[in-house]
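Listed below, chain by chain, are the residues.
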Amino acid sequence: MHFLEFNPQQDFHLLFLSFVLPLVGYTIQIFFGKKLPRRGDWLLTSFMFVAMSITVLMFAKSLWAAYHGQEFRHHSGHEAGLWFHWLYSSDAAAAGTPNVSAAIYYDSLGAAMYAVVGIVSFCVHLFSIGYMAQDKRYHIFFANISLFTFAMLGLVLSDNILFLFIFWELMGLMSYLLIGHFSHDPSQSYFHRWATQACKKAFLTTRVGDTCLLIGMVIFYQHFGTFNFTELWRLAQEEVARNGGQYPTWMTVAGLFVFGGTVGKSAQFPLHIWLPDAMAGPTPVSAMIHAATMVAAGVFLLGRTYPLMSPEVLSVVAATGTFTALFAASIGTTANDLKAVLAWSTISQLGFMVAAVGLGGVVAGMFHMVTHAFFKACLFLSAGSVIHGCHHEQDMRNMGGVRKYMPVTFACMLASTIAIAGIPFFSGFYSKDMIILRAWENVLGGHFDGASFFAAVALPVAACLTAFYMFRLIFMTFFGEYRPGTVPSPFAHHGGHDDHAHGDHGHDEHGHAEHAHAGHGHDEHASHGHGHDHAKHAPAVHAHAAKAHDGHGHGAHGHADHGHADHGHAAHGHGGHGEHAKPHESPLPMLIALCVLATLGVFGGHFWPADLGHSLAFWHHAHTWFETSVTLESLYGASAPIERELLGHAGHTAHIVALSVSLTVASLGILIAYLIYGRGWERSQRIAGKITGALGDIYGVIKNKYYVDEAVGCAIVVDLEAKGNKRYEPDVSVIGGSVALGRALSWVDKNIVDGLVNLVGRTGRAIGVGSSHFDRVVVDGAVNGVGLITQTFGSVVRLLQSGRVQQYATFAVFGGLFLAAWLILL
Amino acid sequence: MGLGAYIAVSAALFALGIVAILVRRNVLYVLMGIEMILNAANINFVAFDRFNQSAGGGGGLEGRMFAIFVIILAAAEAAVALAIVLNVFHLFNSVKPSEADLLRE
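If you read the protein sequences in the order shown, they are chains A and B. This note's numbering puts the first residue of the first sequence at 4, with every later residue one more than the last. This note's numbering puts the first residue of the second sequence at 0, with every later residue one more than the last.
Chain B extracted, bound-state conformation (with noise of 0.2 Å):
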């Protein structure tokens, strides 16, 4: 399998998380949506370092370390959406993005 295989997985999970922000009602789905697209960037990560080594481009293991941290980062931003999701539900009575929208002001 080549590298295009990968890129159009990953670019479909890109465009479902964005599908998934952009039109699901519910904010637990637009965070799902959020970490599809975090993981369609894991995928790029990992397959470009994957086919760069084979390549001969340098023995380096950054594409994998990155893929990690993206991992990491996730979390943490899961821990912090859950507690702003939990707040706004707590302000609005609702989990609905479109009824939170103070911003207008």
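Chain A extracted, bound-state conformation (with noise of 0.2 Å):
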């Protein structure tokens, strides 16, 4: 037996560790979390280390297998007895009713995405050693991101959709604990507020999907009688066979509702409203969120239970995720936070997912959802390294000309950036390419419906838009000069400067254990060459951090608190910084998890290709490792739908089509957004200020992000104002849909459930006290009464018992006489 083959008596065990090892992993951290040394960091991560290899060992076995034309579709139960049975008897086993039993299910893209699930989590792992050195509840921090990538772990791995709904309501919670995280640290003022309401936005957004998934989830069982994956598809083939090759219409319905689940956790037009605000948690979270874990878990549940879809559903799919990947990229080029466009640009990414699946196109929305979890998590990774840099800056206004700072991260970012643009070669362009040429095939093989048609017109514009407002970040962010202050920002400090020696942000400390941990970076400070200049320096410090002053103005602070924040530089021997704080290279740890996720993230889309000629050729997309690896028969065996059948030479000229059109827009987004931003700031504001003029009003409502939360009532509105007030006043209104239900409800439950209920335990209680009385009086008082007259009883024969032998002989003589009268007489 090769090494790299399958083997189902060990390998199984394998994955098991691999998939509890962060659970335990959680539990230990927990506990001891906060008395381990370094707060555990270093036990979670080496735990993270250990699945992470596993998951690439078991991914080679995949990909060993493809290259070796051998199925790849195990299964614990069938293949090593391992099962875990739940709600389980044998006797309704030996009946033939259903019961509940999960195993590992383990095929090629269940490979593909464990892999990277352990990469993606791996990485975080590691940059959040560095990233929240300084975080509060660091500990908490790390157990909670294990146990998410155990949840996820779990879902990729069941085997039947039961199991996936529990790790999937797993992961929900976890991201109502992470996103929430600095919920716990009023320190963190603006994040503070936001993180409160926004970890319960996602959480009641995801939950409508949750229910529908739930739904959906349980239609299929009472049709079905089993939550099984394979089962349900085979059962499904069969429903439609003798239907007459049509999907009945509670199929339909079903798959609405299951659709209804990824709807809410993929954040898909209209329930996608909880994922920008997610960012409201620390970056590595939004790391994991958005690339391997969250919203991946929406799309993979497409690719789970595509062979139950109906075509209408999937023509709903595909508008849904089309219309999604459009509306979002849109909204994307409006942003000015950092992250937020990263935000956008996932809930687009992820349209064009699930417009693939709805297309027919599943093994493409696969291929995206793995090549976008490497170069989105790249992003956001880089992201968080950007404005750790920056000291905790996220406003791209207030950025500019960081490459010369951060030179690694830039590197990174920009790979990761072509690479989600779709320029050939980067692992994006062969997925998202994929999704293009599968919406032009529908098209021009006949298959001309409203939703192919316009997924072929919109997405190749959402990938333009894509392209722009991607290569709009990098200009904004790492080209120009340096331009801290350009903007009030809430990101970073505007309180006294108390505050500031105090690290409110935790800005300053962060600078400290830059220059404590790592040398590199240093050199581009040292190379300004300054003196220790106070005077100059000082207020510089505070310049970006302050908010709306002119970032020059503050010799008024005197020098005793800038002491604090500057002496980590001094002991290092630098000569200040200039005229402002500048960025700094963020530590190896971080770097290293940057490093990973981008060379994933360029080659991710093409390594170990089974034929490099082809593979080089990049319009032979059969060549990838993902088309040779996941295919609709390595997905569903025998329960495979047919795949349309193509008319002519439509798949040929599709290929050209495709091939224009992704080379077209991508170069076109790329072009404008030179033109625009890439030719210096003050140029890019002129423009920008042009083209939003002559939009007017379209321009705010974009920026607005179409009012959809205003629309559903969720918008979260951070109050900066109110900042210096102590009390922390709930001044967010969350006067959400979802939170207006709640209440009704509550006042419901208050008033009239709660109403009932105090009537029956009144009544009850009123019995209670009836029978209380009653037992009191005639039960005891019988038991009593009884006990009583024995003892009355008692006392008077005890008399007889004297103990005396004379009288015992009277008693027996006079029983003898009267025994003896009684014979005689009678």
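Just to be clear, a hint being listed does not mean it is correct.
A short, non-exhaustive set of chain A residues, derived as facing chain B with CB atoms under 8 Å [stated by the list, open to error]:
1) 84
2) 88
3) 233
4) 806
5) 807
6) 808
7) 809
8) 816
Since the hints were derived computationally from the structure, they do not count as laboratory data. Computed from a predicted structure; not experimentally measured. Glycine included, every Cβ here is placed at the ideal spot set by N, Cα and C.
Join these two chains into a complex; the hints should help.
Following this line, the structure appears as structure tokens:
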């Protein structure tokens, strides 16, 4: 047996190990994390490293099988007898009644996704060591991301939709906890209040989708009597065959409900509103949510339930995905927050994936999920690195020129941006092109339905916008001159200096940690060669930190405060920082994580090609590793839906069309971005101002995210001016539909349900009092009475028991006489 | 003299013995009462034996033999009873049966 051949006897145990390791780590961490050295980060990170190594090894096995033409669909229950029996009875099994048993299901898609989760999660762990170093709840943070990983790993391995749902819900909980990570830290004034609301918003919004999924799941169970994916696919196929090749209506309804789950979890319109606000969590969490875990789960669910979806459902899926892709991309062009751009970009890319599944290109959709996970994780972590380096500034207008200070971060982010924009030879190109190709194949292949046509037109537009806003981000952040304090920023400090000295946001302490840990990046600082000019230097430290100040007028603040902020630098012998506290490169663990992800983001599309020559000819899609490994047959086996036959040479034409469209839109987007933002900051503001002026109200509508949040009543407003208010009043208004509904339900609960419950309670109590009385008087009376009678009788009788022999003899004699008299006289 | 006279003496002796057992305050009198009862029985044995022979009911010695047995038994009983009395005296420092009331327990 080749060492890369899948060995059911041992590999399922390895898989299980990699799956439970994060849970074990979580358990240890939650109890002992605070007491462990370094608050336990090394423990979880090394656990995650082991888990990742296993996921990668197993993934290699799946690739090996694919390249040797072997089927790779493994089930631990059937192959190794490893079951987890839940709600199981052998009697019911004998009678053929449904049971719920779970096992590991590991196929080519699962293998790819499993490896993605492992790698991204490990990188996030590694990154967090640097990024979260100053966090007060550092150990809890690590515990939570580990459990988050555990949930996603479990979701990928589930062989049935019920267990998928369980892990799905666990992930919902973990996202709630992680997005709300800062809600326990009032010192993070801005994030504190935002996070408190954002985590609720995320939880409630995804809950809508979860409920849909549950309903859909139960409908399928009602008809098919099983949760198992393989069984469901087979039964669905039989059902359709019985129904004359048509999907029955109930399957359409149930399919729509299942898709509702994806809409919630994968942030599709109109339930996308939670994802941009999820940025309130720490950046590594955003990377987790946006890349490997939360949102990928929805798309993964689509991959697992694809054969259950009727054509009508798929049309809805395609239309929703396409609309979301375009819609979110347009908003992405207006965002100024570094992370917001990426958040909208995620929604847009998820739209691509969902649309791909809807168009019948489930392989393309899954491929994009995998490549996207790498470059989006890299983008988010790079953004985190930039934010970290720029002293927690998030507004791109206050950045610029960061390239010079953070070369490694810049390289990683640029590579990922190119990948997401869809430039050939970078991973994103392969997957995105496949999706556009799929749309054009449908259109040109004679399957001219509305959704396909919409997708064929709108997806390239969305791709163009993607290229545009991503390069806008690159130009605004990394090019030009560093320009802190250009606009008022809520992210940096705007409080008094007391706050600052204590590291309200932990800026200065970060600065410390930086310089204490890593030596790189200081060359840039040193090259400025300024002396210890405190008068000049000190105010500048606060320049970007001070809200609405001109950044240079802080002389009145005195030097004592600044000393704290600066001595870390001074200890390294740097001669100050010149006019501003320059951005600095991040510490080594963060950079390693970035580089790993950037490499995968670049090569993730086509590494390990079956045929090197063909794979270099980048239009030969069928030679990327993913398409070799994951095909409809490898996914669903005999239950695979029949692919639509393409008419004539439509396939070839579609290839050429899609390729040229992809290339055109990507270059167009980049070109526009360069023309507007690539030629200097002042000029970019001028041009952008003209464009927004020309657009007029339309710009305002887009800028305000089409008012969807307001429409569903879930807008979060963080009032910064109230920052001085030490009580942190809930000046955050969430009058979300769900919250309002919750309040109404709470009223009903308090007044009607509680009333009923109380009535029942009171009645019960009255009956209780009555019966207690009865018990005390009658029952106890009877019992006591019996006791009393016995006692009285005993006390009389005991008089006879004098212990005197003569008395006894007297009784005996008179008794004998009595008996004698009796016998004689009668 | 007829049988009735013997029986009357025997009954009287028995009654006296019973009374002695029941009412005497000294255990020695109680023992005497027991002896009287035994002797009342002896009188009956001998009397019935005698009158049974004279009535021509057979020539056995059963009645008289029983009387001798009873005398022997009375001697043995006296020995045991006196031992008991001695122990009771040791235990209660008294020979009054009313004070030996441990049976009450």
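Checked hints:
Taken as an interface hint, residue 84 of chain A does not check out: its beta carbon lies about 72 Å from the nearest beta carbon of chain B, beyond 8 Å. Annotation: residue 88 of chain A was flagged as interfacial toward chain B, and the flag is violated, the nearest CB pair being 65 Å apart, outside 8 Å. A cut of 8 Å between beta carbons decides the hint on residue 233 of chain A: the least distance to chain B is about 83 Å, and the hint is violated. Taking 8 Å as the C-beta cut-off, the interface hint given for residue 806 of chain A holds, the closest approach to chain B being about 3 Å.
Nearest Cβ of chain B to the Cβ of residue 807 of chain A: about 5 Å, under the 8 Å cut. The hint holds. Hint status for residue 808 of chain A relative to chain B: holds, with the closest Cβ pair at about 5 Å, below 8 Å. With a least beta-carbon distance of about 5 Å to chain B, the hint placing residue 809 of chain A at the interface is held under the 8 Å criterion. Interface hint status for residue 816 of chain A: upheld, as the beta-carbon distance to the closest one in chain B is roughly 6 Å, under 8 Å.
Violated hints, listed in ascending order, are 1, 2, 3; each of the other numbered hints is respected by the structure.
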